[in-house]
Amino acid sequence: RNEALDLAISAAELCMKALKLATDAGQKSDLSVRARSLLNEAERIKTTRDWRLPVSSGSTVVDPPTPQSAAKIKRLKEPKSTRELTKTEELLILRASKLNGFQFPPWKKPPDPSEFALQD
Numbered sequence: 001r002n003e004a005l006d007l008a009i010s011a012a013e014l015c016m017k018a019l020k021l022a023t024d025a026g027q028k029s030d031l032s033v034r035a036r037s038l039l040n041e042a043e044r045i046k047t048t049r050d051w052r053l054p055v056s057s058g059s060t061v062v063d064p065p066t067p068q069s070a071a072k073i074k075r076l077k078e079p080k081s082t083r084e085l086t087k088t089e090e091l092l093i094l095r096a097s098k099l100n101g102f103q104f105p106p107w108k109k110p111p112d113p114s115e116f117a118l119q120d
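Take the sequence shown: its letter number 87 is residue 87 in full-length UniProt numbering, and every next letter is one higher.
Keep in mind the hints are simulated off the structure, nothing from the lab. Backbone N, C-alpha and C define an ideal beta-carbon position, used for all residues, glycine too. Watch out, some of these pointers could steer you wrong.
Restricting the straight-line Cα-Cα distance to at most 20 Å, the calculated cross-link-like pairs of lysine to aspartate or glutamate (EDC-like) are [claimed, not checked]:
{"no.": "1", "residue 1": "46", "residue 2": "30"}
{"no.": "2", "residue 1": "109", "residue 2": "90"}
{"no.": "3", "residue 1": "74", "residue 2": "89"}
{"no.": "4", "residue 1": "80", "residue 2": "112"}
{"no.": "5", "residue 1": "46", "residue 2": "89"}
{"no.": "6", "residue 1": "108", "residue 2": "120"}
{"no.": "7", "residue 1": "46", "residue 2": "3"}
{"no.": "8", "residue 1": "46", "residue 2": "6"}
{"no.": "9", "residue 1": "28", "residue 2": "6"}
{"no.": "10", "residue 1": "108", "residue 2": "84"}
{"no.": "11", "residue 1": "77", "residue 2": "30"}
{"no.": "12", "residue 1": "87", "residue 2": "120"}
Ranges between beta-carbon positions, derived for each pair [claimed, not checked]:
{"no.": "13", "residue 1": "113", "residue 2": "46", "range": "41 to 51 Å"}
{"no.": "14", "residue 1": "84", "residue 2": "46", "range": "49 to 59 Å"}
{"no.": "15", "residue 1": "10", "residue 2": "48", "range": "10 to 20 Å"}
{"no.": "16", "residue 1": "52", "residue 2": "120", "range": "47 to 57 Å"}
{"no.": "17", "residue 1": "24", "residue 2": "106", "range": "39 to 49 Å"}
{"no.": "18", "residue 1": "107", "residue 2": "46", "range": "42 to 52 Å"}
{"no.": "19", "residue 1": "23", "residue 2": "85", "range": "34 to 44 Å"}
{"no.": "20", "residue 1": "85", "residue 2": "117", "range": "24 to 34 Å"}
{"no.": "21", "residue 1": "90", "residue 2": "20", "range": "17 to 27 Å"}
{"no.": "22", "residue 1": "85", "residue 2": "20", "range": "40 to 50 Å"}
{"no.": "23", "residue 1": "10", "residue 2": "103", "range": "37 to 47 Å"}
{"no.": "24", "residue 1": "104", "residue 2": "81", "range": "18 to 28 Å"}
Can you make the complete structure from the sequences, with help from the hints?
Shown next, in the form of structure tokens:
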């Protein structure tokens, strides 16, 4: 409940900051309505003793995964590009890998976990 209240207040503050920056009248009115509704929601969270997140008809509540259900979760493969980089792209990446006089060459493949092991 406290987290929801903090989030609602933060969202309303951000909306008010955006309202100050908006130049279009329609945009200002939309932001004003949104800020007002966020403040009303924050007030509702604050005054309701046993506040619960409302579930809309289009959303579903997901229970945290159990070890049995976690085993059934499908792992997605990371996307891999099949296109070769051009020389210009390679040079750009190489130039961008310099920081404070140090060269950090780009990785060709994911690093081996042993590279992160502390060596005495």
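Just pull the numbers of the violated hints for me, sorted ascending. Going through the list in order, the structure violates hints 1, 3, 5, 6, 9, 11, 12 and 21 and respects the others.
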